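Just need the whole structure built from these sequences, with the hints factored in.
In order, the protein sequences belong to chains Y and S. According to UniProt numbering, the first sequence is numbered sequentially starting from 1. According to UniProt numbering, the second sequence is numbered sequentially starting from 1.
Some hints here could point you the wrong way.
Think about it this way: if two alpha-carbon atoms lie no more than 25 Å apart in a straight line, the pair counts; the simulated SDA-like pairs of lysine to any residue are [as the list claims (entries may be wrong)]:
#1 S/K28 with Y/A632
#2 S/K24 with Y/A632
#3 Y/K331 with Y/T33
#4 Y/K543 with S/P398
#5 Y/K543 with S/R402
#6 S/K24 with Y/K543
#7 S/K28 with Y/D650
#8 S/K28 with Y/G641
#9 S/K24 with Y/T33
#10 Y/K543 with S/R462
#11 S/K28 with Y/R636
#12 S/K28 with Y/A639
#13 Y/K68 with S/R380
#14 S/K28 with Y/A655
#15 S/K28 with Y/T33
#16 S/K28 with Y/A638
#17 Y/K331 with S/R462
#18 S/K24 with Y/A639
#19 S/K28 with Y/T629
#20 S/K24 with Y/A649
Hints listed in this document are in silico derivations from the structure and should not be mistaken for laboratory results. Since we're looking at a predicted model, the values are computed, not measured.
The chain contents come next:
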Amino acid sequence: MTRLAVPDLSLIVLIGTTGSGKSTFAARHFASTEVVSSDVCRGLVSDDQNDQSASSDAFDVLHYIAGKRLAAGRLTVVDATNVQSEARRQLLRLAREHDVLPVAVVLDVPEAVCAERNAARPDRADMPAHVIPRQRRELRRSLRGLEREGFRRVHVLRGVEEVEGAEIVRERRYNDLRHLTGPFDVIGDVHGCRAELEVLLEQLGYRLTRDDTGRAVGAHHPEGRTAVFVGDLVDRGPDSPGVLRLVMGMVEAGSALVVSGNHEQKLGRHLRGRKVRLAHGLAETVEQLAREAEADPAFPARVAEFVNGLISHYVLDGGRLVVAHAGLPEKYHNRTSGRVRAHALYGDTTGETDEFGLPVRYPWAEDYRGRAAVVYGHTPVPDAEWLNNTICLDTGCVFGGALTALRWPERTLVDVPAERVWYEPVRPLGGESPSGRPLALTDVAGRRVVETRHLGRVAVREDNAAAALEVMSRFAIEPGLMPYLPPTMAPCATSREEGYLEHPAEAFAGYAQAGVREVVCQEKHMGSRAVALVCRDAATAEKRFDAHGGVTGALYTRTGRPFFDDPALTGALLDRLRAAVDAAGLWQELDTDWLLLDAELLPWSAKAAGLLREQYAAVGAAAGSVLPTVVADLERAAARGLPVGALLADQRERAGCAAAFTEAYRRYCWPVDGLDGIRLAPFQLLAVEGRSLAGEPHDRQLALIDRMVEADPGGLLRRTDRLLVDTGDPASVDAGTKWWLRLTGAGGEGMVVKPLHPLTRRPGGRLVQPGVKCRGREYLRIVYGPEYTRPRQLERLRERHLGHKESLALREYALGVEALDRLAAGEPLWRVHEAVFAVLALESEPVDPRL
Amino acid sequence: MYLTITADGSPTQPATDLGYLLHKHPEKVQDFSTSYGTARVFYPEATPRRCTAAMLLEVDPVALARRARRGNSGPDASLSQYVNDRPYAASSLLAVALGSVFRSALRGTCAARPELPGREMELRIEVPALSARGGGLVRRLFEPLGWRVRAEAVPLDERFPEWGEARCLRLSLEGTATLAAALRQLYVLLPVLDGAKHYWVSQDEVDKLLRAGEGWLEHHPEQALITARYLAYRRGLAREAMERLELVRLAEADDTTVGELDNAVPPTPETPEAPEPETTGTTGTGDTAAPVSLSAHRRAAILAALGDSGAARVLDLGCGEGRLLADLVADRRFSEIVGVDVSTRALRIAARRLRLDRMGERQAARVNLFQSSLSYVDSRLAGYDAAVLSEVVEHVDPARLRTLEHGVFAAARPRTAIVTTPNVEYNVRWESLPAGEHRHHDHRFEWTRAEFRRWAEDVAARHGYTVALRPVGEEDPEVGPPTQLALFTATGPEEPADRGRIDARRKETAA
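See the structure below:
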């Protein structure tokens, strides 16, 4: 039996004449979906599997399908004769394009057998007799050159028996160590700094093994941790052989993994006898090795074997961790090709050089959007910092910086300062910080699906994304300062209570039915929604939120627009807010230097002046102008005996409604001057450093906020009144209803009822509404029109459908919480912004605006 | 909605003849159902000396909203369709009701008293709330017809005098006319005065206008305006409304008026919401304050600069309605023309303007329009010969300018970049522009020549460009040109960087 080894991701090219049994072979060894057959493709485009005139189109289809499969990382078998080198060249190009290894499997079967098989098939019976001999000639010509053509493995099966006895064995790729789960300690560029490496390993908890002369020859971790070196163990530093001896010992003992750095690559070439320039610190290594060889002549050969066997990148821990010396874009993870290796070793150079004569590298990490963390070295940076889930650990130890390690999966950093500057850098350490970079359009535009922890996949339609793009681009503040947008909220179920469209009874009943007993009723302030990001100082805002120009936070609306046009006013409000946080001692208590708050800013007229003038006051004005005249004229008509009694009563009622309407909006209007007259009513603490507070019970939230309000020295903050209600206790429900009636009777907008514990789920597992609003009878005139309380209108309005609004509210809520989670976890800005943008996009979904 | 018609009687001609003319008995209260609700006709007064007929139209706001979103399936509409002054302020809806309730009076027929319709009477027409902005237009429309016009402004809210006047008036017209003429004039002019959108679209509006305008419209000095406005509203409104809905919803979510968000494109003939002649605002749209030729000057200057650069593949970043695109398409030097805007509405208008759907295949292949944003990096914009940002930067918040700079000069990195922006110093030369105001209300800033130069030189230095500044439009010796142009030329390699982000270069210390 012949065992044919193939990498588990490869492009397998079957080569054989017609009738050689390729399809049978493919069917026996591979899943039917893994095989792309030229005959099938011919059939797809021409309805005839043997129509040779359709070949060109058929191969287009074949290459397209194979390309899609390879892009998705799926092993693919091409079932076509492939006896001509041109046909194979196209497939080799395809394999290269997708960075997979091409494998040739040749089915070399005697002509007579092929001819006999074809004759037995009705669709091929009339194939011209010269076809098989011609194909065989071409096959024989090809056989010797397959490796030279570019196939990384060539398996030739001679004769029917070998073909039938063959077995395919799939092998894991060298770089695929997903089954190793660590834990790991990834260590940055060592460059011959043996002493620092020994200190670092000990700090990480490794026990060093030393030989008789006291040289470290290995190390192991008592908890079984594995060290992973990002490469560049050698050159420039004082003791490259010492580093190699230690690391090679660890690798042999299974306590370390090493990916190749460009310096290992070059050293390997040197040791293989190739001509390389002894620059960039290689000369020092060569000299050190020569000295080493005097005592241990076998050492250079061991080193050569070691460095020549290094793999250029590893994928570890179930695919969550990728280590490559110069980093690696996602499409190259776990792939195998020359350019993957080149990127892993050298990065992506633009071909230009900078003012120091050094190559300019393309900043692949800025574009990185992968879920796997990529840990790399190669480019010295002053500090190891995460960017888009990638981190560079080369903190320039050999240049006098530090040797840095990343603990995985803990994601904590450990470093050891260099003993001294071992090698003068060509260019000073440091450089441009990667911050301040705009996000990519592809992070937000078009139809998207956002994965959320609490509600799974949330889709955004293309039209909605387009509208959000316009608003986000033209009006919103910088994405970095806007880590959250508030979700919409559904009203409670429609009330049948006479004169009411919304009533607390429905809100309490709704939660009781969902199995939620403890709810909090929160006073709903009638102003405009405002999200406040308040940082302790400008430095915090700059470091954590990429702010610039000395701003200390942000105050923005539900669509991300600055609340005030004047930045000075925003600054002044943030100053007052900060003073309240200071006085309440929340920075220390919450162990943070920033807070994100959801709030209502009063009065309504401060922000909605345009809307009040154009829409609300206009209604009151027109009604106030026309209805008294109508009533007066009807009174005259009644006086002269016309039967207008009912009509007159009706019009008087309308006039009363209109007056009530004007009164309703007037309550939410008062003049402001600068910050004078402005009130901010925070009702939720959303997040602090390292922590989303979205899941905190609302009473605890409000207690923290109360302390801010009480401590507020400037009179900016307003308390949010609240009442806890037990939905299973009639007395408590009754108290809640009375509380609401009192609140709305005094002109309040109404209340929001929330489960005391956010993110509560129904018995079935589905999230309950994060809150429902229950708006006051008078307030609703602003929403449903002055005369909505008239029985005929009210009856019709009760036919409202809440389903879509409720679904929208849940989706937006899940996205908002997702944004906070991502923010708290320190995820890249694009990940936070993706969720925030989706909230805005969903806000443009069609739903009854009165809900 | 309410309207009264009062006739004064004389010994020979009792005022109650009005009842015959209107075909409605003065001693009855009658209901008529119309498409939008119930019209009631009654007479508060009916004596030979004076007779007043009143029509009260009670529109059903729910039905109104339902009609407005005809053709749109979801339970979706703008909030302003529910809470608005339509039920109270007389508008085109009242005109429709007039036309149907008083049909024979409008036609001038009276079966019972055939001699009456031809007779002129002393009439007073009162509309306590008329949908119209400002009294000027009302006078211009009614005074030439012989009416004595009284139009009282209605305050928005007496509690908040600073809010100003409502967009409705208390109107009274007095004069001598036949009732038929008076009704026909109202029938046409109520919709003309009504600045808001209409909720009805009908195929035979032209015929209706011609019939109702007979005898008075042909001599009216404002005939052109009346015709245009009467008919204009009926064109393409449904489509426009659909296109705007997403932005409408976002505006509503944010307690703002739609106009604050949906203003990427100035009102076009298809959205006839141009400011009324008597309004003083000059900052409404584009360059209303500027001489008409300025935008032409600007395009010529841009084309000249592009010509100097030898560019063939050109980006118009922020192409708006595509005026510059049209010039570029007409010029064979440009082999590839890409128009980009963040407003999809602007792009649709640009596509219509360029007649993209009717262009030949070869021509159309040169042009590409798509939505993009300079607040994000769009890799599709990389590698062009030239990029034009005409009147774009001043629409970006200063805090977000660095993003635009990165997107254009580092990521897209065209060989040539052309930026135009207003010269704020020149604003004093425009008498119609109030001091200190921007030329467009969406401008986040306007720069002096020195400020623009400083910005341009700074950007050029940071991104490896040289820059030359050019005046656009007639240069004033004291305050300079109305528009300024910066021509940036990349100093790097001849080939435009196909990968972009050169300034983001991270340099390696090792080879």
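A quick look at each hint next to the structure:
{"no.": "1", "hint": "S/K28 with Y/A632", "verdict": "18 Å, holds"}
{"no.": "2", "hint": "S/K24 with Y/A632", "verdict": "21 Å, holds"}
{"no.": "3", "hint": "Y/K331 with Y/T33", "verdict": "22 Å, holds"}
{"no.": "4", "hint": "Y/K543 with S/P398", "verdict": "20 Å, holds"}
{"no.": "5", "hint": "Y/K543 with S/R402", "verdict": "17 Å, holds"}
{"no.": "6", "hint": "S/K24 with Y/K543", "verdict": "78 Å, violated"}
{"no.": "7", "hint": "S/K28 with Y/D650", "verdict": "18 Å, holds"}
{"no.": "8", "hint": "S/K28 with Y/G641", "verdict": "10 Å, holds"}
{"no.": "9", "hint": "S/K24 with Y/T33", "verdict": "82 Å, violated"}
{"no.": "10", "hint": "Y/K543 with S/R462", "verdict": "22 Å, holds"}
{"no.": "11", "hint": "S/K28 with Y/R636", "verdict": "14 Å, holds"}
{"no.": "12", "hint": "S/K28 with Y/A639", "verdict": "14 Å, holds"}
{"no.": "13", "hint": "Y/K68 with S/R380", "verdict": "22 Å, holds"}
{"no.": "14", "hint": "S/K28 with Y/A655", "verdict": "24 Å, holds"}
{"no.": "15", "hint": "S/K28 with Y/T33", "verdict": "84 Å, violated"}
{"no.": "16", "hint": "S/K28 with Y/A638", "verdict": "11 Å, holds"}
{"no.": "17", "hint": "Y/K331 with S/R462", "verdict": "32 Å, violated"}
{"no.": "18", "hint": "S/K24 with Y/A639", "verdict": "20 Å, holds"}
{"no.": "19", "hint": "S/K28 with Y/T629", "verdict": "20 Å, holds"}
{"no.": "20", "hint": "S/K24 with Y/A649", "verdict": "23 Å, holds"}
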